[in-house]
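Engineer: Top line first, the protein sequences correspond to chains B and H. Here the first sequence is numbered in our numbering, starting from 163 and rising by one per residue. Here the second sequence is numbered in our numbering, starting from 95 and rising by one per residue.
Worth flagging that the hints you see were computed from the coordinates, not collected in a lab. Treat the hints with care, as some may be off.
[What the hints assert, rightly or not] The following label-pair restraints were derived from C-beta to C-beta distances: (1) B/417 to H/291: 46 to 52 Å; (2) B/198 to H/198: 54 to 60 Å; (3) H/291 to B/448: 49 to 55 Å.
Glycine is no exception: its CB is placed at the ideal position from the N, C-alpha and C atoms.
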Amino acid sequence: MISAEKIPNNVGLSSNKRLQRALEHWQPAYIQWWKEMGPQGFQDYHQVYVRTAVSVDPSGWAHFEYVKLPEYRWGIFLADPVHDRRIGFGDFMGQPVWHEVPGEFRNQLRRLIVTQGDTEPASVEQQRWLGQRCPSLYDLRNLFQVNVEEGRHLWAMVYLLHSYFGRDGRDEAEELLARQSGNRDKPRILDAFNEPIDNWLDFFMFTMFTDRDGKSQLLSLSESSLDPLARTTRFMLTEEAHHMFVGETGVARILERTCQLMKQSGFSEDVRSVGGIDLPTIQKFVNLWFSLSLDLHGNEISTNAASYFANRRQVGRSQRHGGDVRARGGA
Amino acid sequence: MEAATGTAKPNVSFETSPEKYRHWKLAFDGPVATVSMDVQEDAGLSPDYRLKLNSYDLGVDIELADAIQRIRFEHPEVRTVVITSLKERIFCAGANIFMLRGSTHAWKVNFCKYTNETRLAIEDASEHSGIKFLAALNGICAGGGYELALACDELILVDDGNSAVSLPETPLLGVLPGTGGLTRVVDKRKVRRDLADFFGTIAEGIKGKRAVEWRLVDAVYPTSQFRQRVADRAKALADRSDRPSDAAGIRLNPLNPSIDENRYKYSLVDIEIDRDKRVATLTVSGPIGDAPVSVDQIIAAGDQFWALRAFRELDDALLRLRINEPLIGTVVIKTRGDQRAMLAMDAFLIAHAQHWLLREIINFMKRTLKRLDLTSRSFFALIEPGSCFAGSLFELAIAADRSYMLDDPEQENTIALSGMNGGPLKMSNGLTRLETRFLADPQKVKAALADDGPFDPQEAMAAELISFAPDELDWDDEVRLAIEGRAALSPDALTAMEANLRFAGPETMETKIFGRLTAWQNWIFIRPNAVGEKGALTAYGSQSRPEFDYNRT
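Work out the full structure, taking the sequences as your base and the hints as a guide.
Structural biologist: Here is the structure:
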């Protein structure tokens with residue numbers, strides 16, 4: 163039974179029959195997915211507390227509580243409505259924002275939401291083995307915080323699909339759980355989310371660069387003419403900032419350590435022999451994730467740069483993926 | 095853009111060969127040939143657009159047509175052709191939108207006509223040559239890409255949660271899937287019209303199980319099984335073919351016409367152009383000497399065998415006229431040669447029509463004549479002494495919009511029929527040209543074919559095989575006035591009138607594609623809602639959305 167108690171929300175779930183019906187099917191599938199594809203080996207781990215949003219105040223700030231990982235409750239939150247919000251730009255500038263999806267833009271909006279939604283569980287899947295090799299409990303906590311919040315962002319997108327896109331929306335919501343990062347048969351939509359993240363340098367680079375792109379995408383979606391999308395993403399932004407913090411401080415810590423080791427060894431660049439990560443290696447990771455993340459902005463194939471760097475790092479690795487195909491060039 | 099899309103006088107060659115392909119790769123494995131699309135972005139006919147995502151322009155389609163043709167003639171062992179793509183997660187995105195946007199109206203129309211003919215040639219090979227086509231859709235298959243797939247006998251789509259078949263022309267571009275898409279969905283694949291209606295209005299298309307349920311594809315398989323399933327299916331299809339496994343093909347060598355300002359000169363076909371009058375004279379030479387006595391002789395002659403050589407040259411000449419000579423509105427058709435040699439040639443063709451090579455040659459003659467039927471120029475046949483309007487070449491006279499036969503008691507001037515006029519060279523309406531001519535009285539077809547001929551002008555008039563038979567005193571004026579009068583009429587009205595008159599009789603999928611689908615498409619191609627300043631085709635890919643005039647016509 164779906165209840166507001168199990169699913170913290172500010173979208174009136176208890177009185178929304180349509181949403182309840184949709185979630186009754188989807189929520190068990192999500193839990194199943196989290197168990198199979200979420201952090202491996204930590205499903206019953208009680209040593210880490212994560213933050214969970216329980217409500218949101220009128221100025222858009224969330225209220226949080228701390229729960230153990232297995233007790234995390236994924237919720238649905240929208241930022242509060244802005245009175246008399248108007249469309250900010252484009253052909254409809256100045257007109258009232260949309261509270262329903264206009265038929266004319268149904269496909270485009272659905273594609274935007276599905277593409278955004280697809281990235282959220284993808285990153286959880288990419289990172290599911292990292293807990294086994296975490297450098298510290300601090301990092302483990304950050305990792306899981308990022309993971310549960312990506313999961314919640316999936317909920318946010320699924321809420322929109324369930325509420326505004328009818329049967330197609332419910333089908334797409336199921337597909338979001340069916341695709342899997344790096345799965346040859348059912349890959350995630352965007353390339354950056356099919357790349358393996360099997361070490362912590364990848365993870366920090368991902369949260370440094372790819373989540374930066376994520377923030378940029380969310381910021382633009384938060385200006386959407388479709389008001390529920392704008393309000394959903396505005397709330398998500400409050401969480402995304404922490405992800406970038408994890409990345410930025412993570413990369414900074416590694417750089418600091420590398421510099422320390424270089425100093426200690428008389429400014430030698432060879433810090434591998436003393437257990438560090440040398441600068442050329444760090445640079446290659448930067449090159450890969452920076453260009454993969456840039457590709458996320460495009461609407462054409464443009465993974466050339468990423469392939470180049472990735473091939474230098476590990477021949478053939480990114481050739482498994484042909485590129486981000488998000489636009490059509492033909493009739 | 096100019097040379098390649100028709101804003102200046104274009105100069106396109108339709109000849110190519112596999113070692114010159116830029117966009118396709120051919121691979122042969124026993125009875126299975128794989129034709130893989132791998133479009134080079136920067137190798138379009140014009141530098142003004144890039145052929146991204148396996149989108150195509152005329153140059154890409156010329157290579158595809160060549161590949162299909164060569165498989166038929168050069169590789170008799172091939173029984174199944176797999177059409178697929180070498181680009182990961184993309185099969186084909188369809189005709190290049192930026193090419194379409196930058197093209198003249200005439201270029202768009204001729205581009206679509208040619209690509210339609212290429213797809214129909216695929217279906218012709220399936221129906222008449224025993225070559226089955228399998229579309230292995232390894233990724234996005236949109237618009238013209240899906241239309242290419244629809245021309246194949248079977249469609250297998252990868253089930254990766256992302257790849258879909260789609261016809262996004264209407265929702266994205268405000269035009270039609272005009273390369274047979276709409277027609278084939280309901281007529282060939284027999285998709286229910288309400289489902290087709292839905293499918294035709296959603297840009298993202300249909301994927302997975304639903305694509306199979308709706309009959310849009312025949313099967314879907316996950317990526318890990320895809321290649322193996324395609325290979326299995328290709329082999330199963332090959333087992334059903336009657337193509338020989340031990341025959342050697344014949345090589346199709348370059349035609350190498352000499353092309354001057356006002357002359358296209360081939361070995362058996364000659365075009366002379368009078369630019370002031372906007373008239374071309376197309377002359378085809380008949381076969382010389384005794385008929386061949388054995389098929390081995392034909393195989394030895396290869397592409398120099400008259401029937402193949404003459405019709406390859408005719409085909410190339412028609413294509414060049416269409417694309418490169420838009421101002422030449424009237425084509426006078428002449429023939430010359432020995433009618434008895436022509437009739438002997440026809441008798442030989444018919445006697446060996448079941449041999450794989452002669453089957454290919456006859457079917458190619460048929461397709462070339464169809465190409466003439468579909469060429470939007472006025473054709474007048476002039477039947478003069480020394481001409482060779484007999485049997486296969488007589489088809490040129492009844493394919494023409496009118497024929498004039500000189501009736502001069504001093505000079506022998508005849509026409510003749512053969513079995514080739516009685517069945518092998520059917521038009522796109524499924525009838526022979528004689529049957530189409532005598533819709534009102536099918537007995538006349540039988541009577542004409544039963545008559546051994548030759549027919550002199552009076553007999554030809556009586557048998558209704560020609561239009562007019564002016565005598566030697568009237569001939570020059572009659573012919574001159576007819577041609578000059580024709581050239582003065584509105585070219586648009588003539589194109590439309592000819593297309594309406596040439597295809598009397600029943601509808602087929604083929605006549606629907608040209609007579610309905612592409613006719614509507616050509617209408618849309620000049621409407622402001624598509625190509626106006628704020629039309630959908632103009633607006634696509636720009637920052638602005640289209641603005642429609644919502645009045646229904």
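Engineer: If any of the earlier hints don't hold here, list their numbers in rising order.
Structural biologist: Hint 1 is the one this structure does not satisfy, whereas the remaining hints hold.
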